[in-house]
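Novice: Be aware that the sequence shown starts at 1206, since it is given in this note's numbering, and climbs by one per residue.
There's no promise every hint is true.
Unchecked claim - If you anchor each label on the Cβ, the simulated ranges turn out as follows:
hint, residue 1, residue 2, range
1, Leu1526, Lys1330, 11 to 21 Å
2, Val1637, Lys1441, 41 to 51 Å
3, Ala1335, Val1463, 28 to 38 Å
4, Lys1220, Pro1334, 44 to 54 Å
5, Tyr1530, Pro1334, 34 to 44 Å
6, Ala1494, Arg1529, 48 to 58 Å
These are calculated hints, taken from the structure and not from any lab test. Ideal Cβ placement from N, Cα and C applies to all residues, glycine included.
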Amino acid sequence: QPDLLPVPSDSEERKWNSAHIAGYWVAISFGTQYQIASTAVVAGLSPGAAIGAALVCAASGWIGATYGINFPVLARASFGVYGNIIPVLARAVSGVAWFGLNTYQGGQCLQAMLGAIFPSFKHFKNHLPASAHVTSSELLCFFIFYIIQLPLLYVHITKARLRHLFTLKFIVMVTNRVLTVGWAVGRAHGFGPLFSQKTNTHGSPSALVFLSGVSSAIAGETTMALNVSDFTRYAKSPRVVVWATILSMSIFLTLAAVLGVVVTSAVQVIYGISTWNPLQVGELWDSRAAQFFAAFCWALSAIGSNAAANSTAVGNDLMILFPRYVNVRRGQYICALVALATCPWIIQNSANSFTDGYTIFLAPFCGIILADYYILQRKHLDLPVLYYRESSSHYWFTYGVNWRAILAFIFALVPSLPGFAAKVNTGIDIPVGANYIFALVWPVGIFVGGVCYLLLS
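With the hints as extra help, turn the sequences into a complete structure.
Specialist: Put into structure tokens, the structure is as follows:
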């Protein structure tokens, strides 16, 4: 497949500049990170943690921009020409699940927009039982939104329209958030009442709640480190990727989280209601126009994330698994089709378990790949050999699989497994120390995975 081949440094397809890369990260930050940081468990986000995530993403993006390769090809260097199937499948599962979740959330946005235009739509009769975890109106809007976004999947990542979508998403989301915060601070009569609220962690240690919040806010960005080479392979130069990623993520990721906390706190002060959901915040407003445009902003965010991030990642993954039959565009539509089977309205009810828990599998892959490239391989890849499936290739390892990388991945799971088990099954009692380790699942996974890989190698 042409999409699988390296993108030469002088290729006309390399049109992503620093503004496009920065717009991509900022748009993501003001979408997912605002919501994550607004949840009740989030007490704050340190700039240092945001910079740490930025460095991980920049390090991964540098490789894609230098060699013009996507993540599945890059994974061959450390896991082997067949062993890369493991991280590829893990990332594909994440991409499909997030596509479904974003579609469901986009459907909720559409439901809010229709309710703002036609107030009678809010009384749409529900014919589904409570066990379905979704109402008739939500399911209707889900499928309408699903159909709306399908044409955008046809737009290839190299096209200018997709880059401009990031720019539009950046402008719309930042404007929406700034105006919302202005409203929140004004109605709450300044910042004083917002930050005078006492910490209430409902029985959990404050330090554990804080670490969990930081991990939740950063985890989404560090897992994007696996995706970023799919985009940076079209960047004009590696330097563009590094500086745009570090500056945009370290500043705007922190800012997005802070704004989310401010608005959530303001709602508690103004209405006495605790909610992180921006759509629920909009429902509290008297202006139907404000409700519509607030929901529209989040709908645009969901479409942008699905068209440019989730489906593209799955498309690249499926392309390397079935290169004769699947290209990126076909893989994107397969992603959309499979996402229907995930029943995202059920996943939404356990969103914390998925978003926090699945990082346990993705973080070690990132640590192993970065350790292999920057330390073991000393920033050198034999690009043509990455595409050979022959025993003479030094990426062949043992029958195409690097058992050292597989063992390092397994070892990296061990420290966080007790916390992951307790996250999935809340009835399990584990030591407090295990909770603290799982609260730092992403740095633990990256560090342990990388160190174990280097020791085994």
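Novice: Would you list, in rising numerical order, the hints stated earlier that this structure does not obey?
Specialist: Violated hint (a single one): 1; every other hint is consistent with the structure.
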